[in-house]
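S.K.: Whole structure, please, built from the sequences with the hints as guidance.
Top line first, the protein sequences correspond to chains A and B. Counted the way this note's numbering counts, the first sequence spans residues 1 to 294. Counted the way this note's numbering counts, the second sequence spans residues 1001 to 1204.
Quick caveat, the hints were computed from the structure, so don't treat them as lab data. The beta-carbon is built from N, C-alpha and C at its ideal position, and this holds for glycine as well.
Simulated restraints, written as ranges between beta carbons of each label pair: (1) A:ILE237 / B:ASN1186: 43 to 53 Å; (2) A:ILE237 / B:PRO1087: 27 to 37 Å; (3) B:GLU1045 / A:PHE73: 16 to 26 Å; (4) B:ALA1058 / A:ASP240: 20 to 30 Å; (5) B:SER1121 / A:ILE237: 30 to 40 Å; (6) B:PRO1087 / A:THR21: 38 to 48 Å; (7) B:ILE1004 / A:ARG223: 11 to 21 Å; (8) A:GLY78 / B:GLN1051: 35 to 45 Å.
Calculated pairs, DSBU-like style, for lysine-lysine (alpha carbon to alpha carbon, straight line, at most 35 Å): (9) A:LYS35 / B:LYS1005; (10) B:LYS1105 / A:LYS44; (11) A:LYS218 / A:LYS59; (12) A:LYS59 / A:LYS44; (13) B:LYS1079 / A:LYS44; (14) B:LYS1075 / A:LYS44; (15) A:LYS35 / A:LYS59; (16) A:LYS219 / B:LYS1075; (17) A:LYS219 / B:LYS1105; (18) A:LYS218 / B:LYS1105; (19) A:LYS59 / A:LYS219; (20) B:LYS1075 / A:LYS50; (21) B:LYS1203 / A:LYS44; (22) A:LYS44 / A:LYS218; (23) B:LYS1005 / A:LYS219; (24) A:LYS116 / B:LYS1005; (25) A:LYS219 / B:LYS1079; (26) A:LYS35 / B:LYS1105; (27) B:LYS1005 / A:LYS218; (28) A:LYS35 / B:LYS1079; (29) A:LYS218 / B:LYS1079; (30) A:LYS193 / B:LYS1005; (31) B:LYS1105 / B:LYS1079; (32) B:LYS1075 / A:LYS218; (33) B:LYS1075 / A:LYS35.
Residues from chain B that keep clear of chain A, each with C-beta distances beyond 10 Å, as calculated: (34) ALA1020; (35) PHE1021; (36) ARG1097; (37) LEU1115; (38) PHE1119; (39) HIS1138; (40) ASP1140.
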Amino acid sequence: MALKHPTELADPGKAADFPITVDEFIRFRDFFHQKIGIQFAESKRYFVDKRIAERARIKGCESFADYFRMLRFDTSGGETQQLINLLTVNETYFFRENYQLEALVQFVLPEIAARKRPGDTIRIWSLPCSTGEEPYSIAISVLESWPESDQYQVEILGSDVDTRVLGSAQAGVYGERSLQNVGPDLRTRYFRKLAGEHQIISELRESIEFFQLNLSSKKEMSRYRNVDIIFCRNLLIYFDDVSRREAVESIFESLTPGGFVFLGHSESMSRMSSLFSPRRLGDCTVYQRPLEVR
Amino acid sequence: MPLIKSKKPPAPAPDEQAPAFETLVVDLGNPQTQARRAAARWLGEYPESAQALCGALAMEAHESVRVAILTALIKIGSKAAANGLIPLLQSEDAGLRNSAIEALKTMPDSSGECLKEIFASSTDVRIFGVEILGALAHPDRQSWLLQVLEADREVNVCAAAVEALLGCGDREAIVPLRQLLERFPNEPFLDFSVHTALERIEKR
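M.R.: Pasting the structure below:
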């Protein structure tokens, strides 16, 4: 993400009801980057300004300076979390990039299982899980399309930095748009109608652990080890180079040797790090932590 | 249903600190790869660790630890970090050498401050220096490359600078490029490179 000198940035904040100057935007951008590793480009200025103004008004702040002061001294982290929730993008749907889920059940899970004994745990992590469509899609794919699933204990984790989406993921209630790729059979087996929407059946909801986690925090990431498969799709593209390198190293540490990472279709691990080996499995490239650490 | 719910590990305590600096430096020499990698990752939080990290990088054979050390050095990004990487440009280990080049490319200010050291070295190192300069996101990049054209005594170093200018040069480079041909009048490959660069730059 290219950074420009402050003087090169446009200043849409001047025209808004809640003015935010270029310098203030830069200060906020650096603060947010330090917090969660995401750095906003100039093109996101309007998006960011609008959401800062929204929170500042709710908190009764009269200027950006007031609000920013409050954020910097936010010892509970509550307001910072509210802003993170507003500034992170969460749009997704069931079976998005389904060819990756097909590769998961046809190639990746059998390979992982071959290194384990029946009854062992296979751990899959959706990072970030957003409102839950991805971990539930993984769960349904495992149950529907991996014949050996009954022989192993499959554990699915879903984490996100945004606490608001975690609530939605746990509730598991979705509109028609999220279910655009879900056929009638799957709808019958894994969803129930709820006030014009669709709720994931309780058995499935209760089998997935959702929790808040900041991928940029080495301390938080160090709590999660021995993961066999990580889905980290369309997140690292928002990170600057150093934060991306650090995040990739945290993912490497969390995986078991021989574990796999799925990235978004436009992302390439080879451009980020030499830690993983690319594998062409089915219609997609998956990245593997080497069995032996080189 | 074969799905089981995971047991969530406890959240980190808010006051939990990174391990002590001295312990981490010692751990850079730990026989366990994982311990060395962990030490390198935490040392990225300590700017004063640049020298120790560079020393460890020179000795390190495992790719995963090298990657962690390089990330820490890039994060620190200080002149000490850049300075510590420069000797690695002379390494016989191509992987290590290339890693140092890639890391220096990401430190525009600090690499810029170390140009004297780089361009006082061997021909090979000066060629790597030109490669770094060509990729450096720094407003003085072109003027540094032009200084190479004007002053370096080795035709291969100058040719590398011509190639870098092919990608990033503007009209300010035209006169120095022509003057370079006067300094090396009997080098057909240089003549070809300079004319290619001039054509490209004049079209910009």
